[in-house]
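There are 6 protein chains.
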Amino acid sequence: MALDQTSRALIQLALAEDIGPGDLTSALIPETTRGSATLLAKQDLVLAGRAAFDEVYRQVDPTVEVKWLLDEGSVVKKGTDVGTISGPARSLLTGERTALNLLQRLCGVASMAREASQAVAGTSCRVVDTRKTTPGMRAMQKAAVVAGGAYNHRFGLFDGVLIKDNHIGAMGGVKAAIESARRIAHHLVKIELEIKSFDQLEPAIEAGADVIMLDNMDLATMTKAVEQTAGRALLEASGGVTVDRLAAIAKTGVDFVSMGALTHSAIAADISLNWSE
Amino acid sequence: MALDQTSRALIQLALAEDIGPGDLTSALIPETTRGSATLLAKQDLVLAGRAAFDEVYRQVDPTVEVKWLLDEGSVVKKGTDVGTISGPARSLLTGERTALNLLQRLCGVASMAREASQAVAGTSCRVVDTRKTTPGMRAMQKAAVVAGGAYNHRFGLFDGVLIKDNHIGAMGGVKAAIESARRIAHHLVKIELEIKSFDQLEPAIEAGADVIMLDNMDLATMTKAVEQTAGRALLEASGGVTVDRLAAIAKTGVDFVSMGALTHSAIAADISLNWSE
Amino acid sequence: MALDQTSRALIQLALAEDIGPGDLTSALIPETTRGSATLLAKQDLVLAGRAAFDEVYRQVDPTVEVKWLLDEGSVVKKGTDVGTISGPARSLLTGERTALNLLQRLCGVASMAREASQAVAGTSCRVVDTRKTTPGMRAMQKAAVVAGGAYNHRFGLFDGVLIKDNHIGAMGGVKAAIESARRIAHHLVKIELEIKSFDQLEPAIEAGADVIMLDNMDLATMTKAVEQTAGRALLEASGGVTVDRLAAIAKTGVDFVSMGALTHSAIAADISLNWSE
Amino acid sequence: MALDQTSRALIQLALAEDIGPGDLTSALIPETTRGSATLLAKQDLVLAGRAAFDEVYRQVDPTVEVKWLLDEGSVVKKGTDVGTISGPARSLLTGERTALNLLQRLCGVASMAREASQAVAGTSCRVVDTRKTTPGMRAMQKAAVVAGGAYNHRFGLFDGVLIKDNHIGAMGGVKAAIESARRIAHHLVKIELEIKSFDQLEPAIEAGADVIMLDNMDLATMTKAVEQTAGRALLEASGGVTVDRLAAIAKTGVDFVSMGALTHSAIAADISLNWSE
Amino acid sequence: MALDQTSRALIQLALAEDIGPGDLTSALIPETTRGSATLLAKQDLVLAGRAAFDEVYRQVDPTVEVKWLLDEGSVVKKGTDVGTISGPARSLLTGERTALNLLQRLCGVASMAREASQAVAGTSCRVVDTRKTTPGMRAMQKAAVVAGGAYNHRFGLFDGVLIKDNHIGAMGGVKAAIESARRIAHHLVKIELEIKSFDQLEPAIEAGADVIMLDNMDLATMTKAVEQTAGRALLEASGGVTVDRLAAIAKTGVDFVSMGALTHSAIAADISLNWSE
Amino acid sequence: MALDQTSRALIQLALAEDIGPGDLTSALIPETTRGSATLLAKQDLVLAGRAAFDEVYRQVDPTVEVKWLLDEGSVVKKGTDVGTISGPARSLLTGERTALNLLQRLCGVASMAREASQAVAGTSCRVVDTRKTTPGMRAMQKAAVVAGGAYNHRFGLFDGVLIKDNHIGAMGGVKAAIESARRIAHHLVKIELEIKSFDQLEPAIEAGADVIMLDNMDLATMTKAVEQTAGRALLEASGGVTVDRLAAIAKTGVDFVSMGALTHSAIAADISLNWSE
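Chains as they are written, first to last, in our numbering: chain A, 1 to 277; chain B, 1 to 277; chain C, 1 to 277; chain D, 1 to 277; chain E, 1 to 277; chain F, 1 to 277.
Bear in mind the hints are in silico, worked out from the structure with no lab data behind them. Given the structure is predicted, the values throughout are model-derived calculations rather than measurements. Be aware that one or more of the hints could be misleading.
Since the list gives no way to pick out one identical chain from another, each pair is judged satisfied if it fits inside one copy or across any two copies.
[What the hints assert, rightly or not] Straight-line distance between alpha carbons at most 35 Å, and here's what the computed DSBU-like set of lysine-lysine pairs gives:
#, residue 1, residue 2
1, K164, K67
2, K224, K67
3, K42, K164
4, K78, K196
5, K67, K251
6, K175, K251
7, K42, K196
Go ahead and model the full structure; you've got the sequences and the hints to work with.
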């Protein structure tokens, strides 16, 4: 899938900051020298970020050929070749670091997303991401979350209403806030409300929230909330969620569990380019 | 210190991806409502990224006032307020996530840099970063490394020559490569050469490398390399370095140890905005 | 309300295309000459586009002062002064045409939106806009629609799912399409399905569409659809809607009627700058 | 003809505002599905805007093939196919709205320009456009005016001098203004002066204006002005011109009649994409 | 006078290429240190480029204060202070080179323009510039030409028609070319035709050229051309013009003499910043 | 070699300022007319700027074919054809001026660089450029310097430390300044210090400067400095250097001589496009 304009602009910035006025070391290599390399997974991982990797080389030198041996979202064992690149040696080396910086981070996100989605497998609960993404990389990270088998939350501030405590005060109460949102937001967007205690639940449902976020609640309270709601709204668990808590949360019956760690704490996967002699 | 053009452009992208055509939820708050919040450290950390945080609000709404209670690079205990923001409530909320996404990541880098620099304290060895930075955030991450007490390696491909294995083949040997580099690179830039085994050391020194990178060597070999070099070149240890290996590496006598983890594996620090009632 | 990045970029383009390397005529006026003018409504209209007008002068010359005598969304009688500008005469003249081109078009949209919203007053039916907006002006036109008392549909392709005939074929039927959408789109986004005949209605409801678009149906069919649906989905009338058909459509009981004419056929309102002697 | 940089930038903005981070609905279609459609004129019109339509798809996906069955400027009967597109179904659908929004508006302008040029056919009077264009679309609209058989006035503030009342006061009279303009403007640019009453005509001619704009004058005064001028300057009629007044104005003998309505009041032509099964 | 968008963009590029990710040397100075300097003319010159100099510091740090002691276009003797700057020492030093690079080049152009305009003083011949300008600096260089007392030719390819030999062939002769130009170009733009020999003159006049460029003709031919033309068209001498040939060319009676050297061969004037202790 | 992002952006600005909304004259040529031309050296020169010339036509019209008959850096005799272009006549003419403006200036720089490098031939002294480059053209000019046989100094403020008088005061002395630089600048960057008198030399060496710039010193002092330094630092002569002083300076034994004139005073070389009939 082609990248959106923001992702392409981010890659342009990344190349500018790395290459600047020119790559002093690649300049030592004769202009006509060609090279090739294989992309090797040095750990188990989920492959994600192919389009970003492609775009780096498209911008550096469109004559570089990138071939993928595996699909986006593939579960890859350590030691597997996932793709190859070939073309002018200078261009290959100049783009290497930026291409890997992106790919490694995105495979890291996908790998964590897979781990998370496996933890709730067999339940109807979906693990979703948050807006705690790396600045400029949101679209690419959200695609990586999907590649790993988890789901997306809203993309940003513009495609969903999520009313929090600090909004409600300024708006004159939950009911007024939701009514106001129905007037302002268009009719393809749902309204979510964050609550911090069980006693806020029924008023939220009655005010007409489509989705209710249970912020930092314990498992017992979540279970009680699911029973009380009885399908009148969707429920999302949120707050400091880690992979090992996922299975228990899913069992409470909530519809979604959002997990900032998918994008703010995923560790870059170890992938390297192995150069052919 | 003001941010460079790339960092400002990255922040513009980050705001665009989060706000898009408009913040649906903040739009519910009356335009004239004002608010304020304190920035609270929810863990021990090193403060870094103040300029990025400032720039977010400068772009969102220049009437928002950001006040810092502590200097860049301050060592901060959990529970400390590090700054305050005040201004139109809509603007404060609209910028919150992007500002925090940046600040948390940069404090994370600075905190890890501090841990690393403490590990080599008392030796003459410097911990330096690498080009394994988050795309678009290099300048900000490198500033955070310094704020944490560690040091920078070259910024990119343009301000230092670093000749690796895959360059040397294409260039016809170490000696030819370095001679060629002296001709192409300007006289304020040094030339570093990566070696993978001890027997490449003496030829590298003789070829005139200013700095020699000892790639993935064990402690004994590093020690031997320091002795053999005897000050004729600077030595940099590199390859899968973690904080707990730093002290031992520093003791070998190498001048620098580079550590990709500073920027690719630092975990976002926990900082939040606490809204005033 | 501040403008989003795209609107500001559009205004920059508009100024570039009009001013280019410089305003040859204003250059004839002494640099220190100051001027002022009043913005006069030369027809009945709804005021919209103040932020766009402000932004033009902010970009041309931040020392120009724009004062508004009436709020965004005000219903204005012909002959009313709606605002004033004052500052360096050169700057006032250089920005005049671009500022008016925007304001006149946006007041035109708001005025038509008001006419449309009045036509359905007293019913629960909302008139909404479409994506048939002027390229680059979507955010500003959608704000003008709201200023005129009508409502917005989704902003673009990214904040709502709207499945049309030409999608369904490629997706293997309505049911498969909606299931697929539930998997791909996040949980704050609703799914709308366009149908072209009454017999597609029940399958659409059963497949779980949140909103069903009744494309180019006559009033009797719409009425029948409202009865059949009985609140199980929201209904949107669509297709060649004009102001004089609105009241009758609203009476059928549909929830929304979308009207491309709001943005593709609104006529620029007549507003001029009257220069003080 | 290729588009200028501003038009390409406008199209980039238009795609960004419509697609944002991604088209949620097209994402439902398999990536390999291909499609095709014909562009059908649903009303009589003049074809204009082919380059804009091409550019939309060039930016969305360069593998989409656009074929035109008719030349720019062709007079097209309702029901005629004017072109076809084919390529990846996702890309076709993602670009559809933006491509049509442009084409419909530009055909609208060309169609009105044709009507206007027909109204003065057989006289030496030329209908010309104004700067009352849609922000960001000036170059494309002016090309559409020519495609419809009318003519362009100056492009912007930089390629012609047009001195109005509010300039003259600040410049110390007509004579001083024109002398000053001759000094400042280069020698391939003419100087036009706007007059509001017949008694300003002779002074304007004597001051050396190349072109004189007769602002809001009645037919009798225009006729008198043509006689009085006797070829010593070019004359342009201006002010609230509609198509049905054109023939009478042309008969007065003026050289040009400028008509803002060509670009500010042209109605988008009805063209649609008909998808192949 | 404010700068146009292109000039501001050029200055942004110039600062980016000089400062990149940061000024390593200024970083050594304490952030709070303030400084000041005077701008000293180290040779006789004409002052031009004040707006460019201002813009550099506006972009580097808006708190830097630039004060000009002399007007744009002033004739300045060696040893004169022309302005002062003061503000944070880091910012002053960081912007210094870019600000001077622009100012020195623009004063160089203005100084040569003055020399040229003096050479034709007392005649009605105007020295005009060409499109042989420094890429990206056209607007600033053309303003400098005016500051020096010479005149501008058309700004670019869009604000004047200039038909050359290589156009005429493709257009089917002079007459056809000019007729075609009258149809395509708007009525505030004149048409110039380049001729290479005397016998092309009368046909050019008869075809209706507004201006005729006499390309590389000797003084005698120019004189003959002036006589033959007898005011029926404007005449422009062109081709390898140097300052010492100007007086003789002006005496032939041509209206304009264009001189590429004004912008392609002007030498940067010697101006420096003298720092206060 | 491909151009860096800044150079491509500069070329985009240059085309925008020249073409604006469109080339009025080329529009007269039928769209299908093709043409070709040869690039002729009208003086002895060194060829440089091929990539810039290529990029102009790549941006104007990628179907234009540019063929080079000689390599970058070739020494070319007056009257030699250096390349050819062919393609749509409109595109060739539209790009001509911008392409030549760049090529002529860059050949001018390379030609002067060759003259300079010849002057020091046979010595170990290198002629290097400075930051006194044309705004926006630094990367292209520095490549031209190399094409002519001279060498580059640092690219900008970010890839080398160069401490001058006005820095030292603010930093508390030479020793403190260099120590501070060692801490702030990374280990692949050298530190240069400017001195203005012989007695500053020994302190500079002792403080550990890698390179010492001898500012405006006479030959005798330079010779003495070389002796005194005895290889403990690199020495760079600087200040008002002209080609005829180079040989003598080189004989003093300094390692480098920097020459601003290479980029601020090189005269555009005379190259023209000769159109085929």
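Tested hints:
| no. | hint | result |
| --- | --- | --- |
| 1 | K164 - K67 | between (46 Å within a copy, 24 Å between copies) |
| 2 | K224 - K67 | neither (51 Å within a copy, 43 Å between copies) |
| 3 | K42 - K164 | between (42 Å within a copy, 20 Å between copies) |
| 4 | K78 - K196 | between (43 Å within a copy, 23 Å between copies) |
| 5 | K67 - K251 | neither (42 Å within a copy, 44 Å between copies) |
| 6 | K175 - K251 | both (30 Å within a copy, 28 Å between copies) |
| 7 | K42 - K196 | between (43 Å within a copy, 19 Å between copies) |
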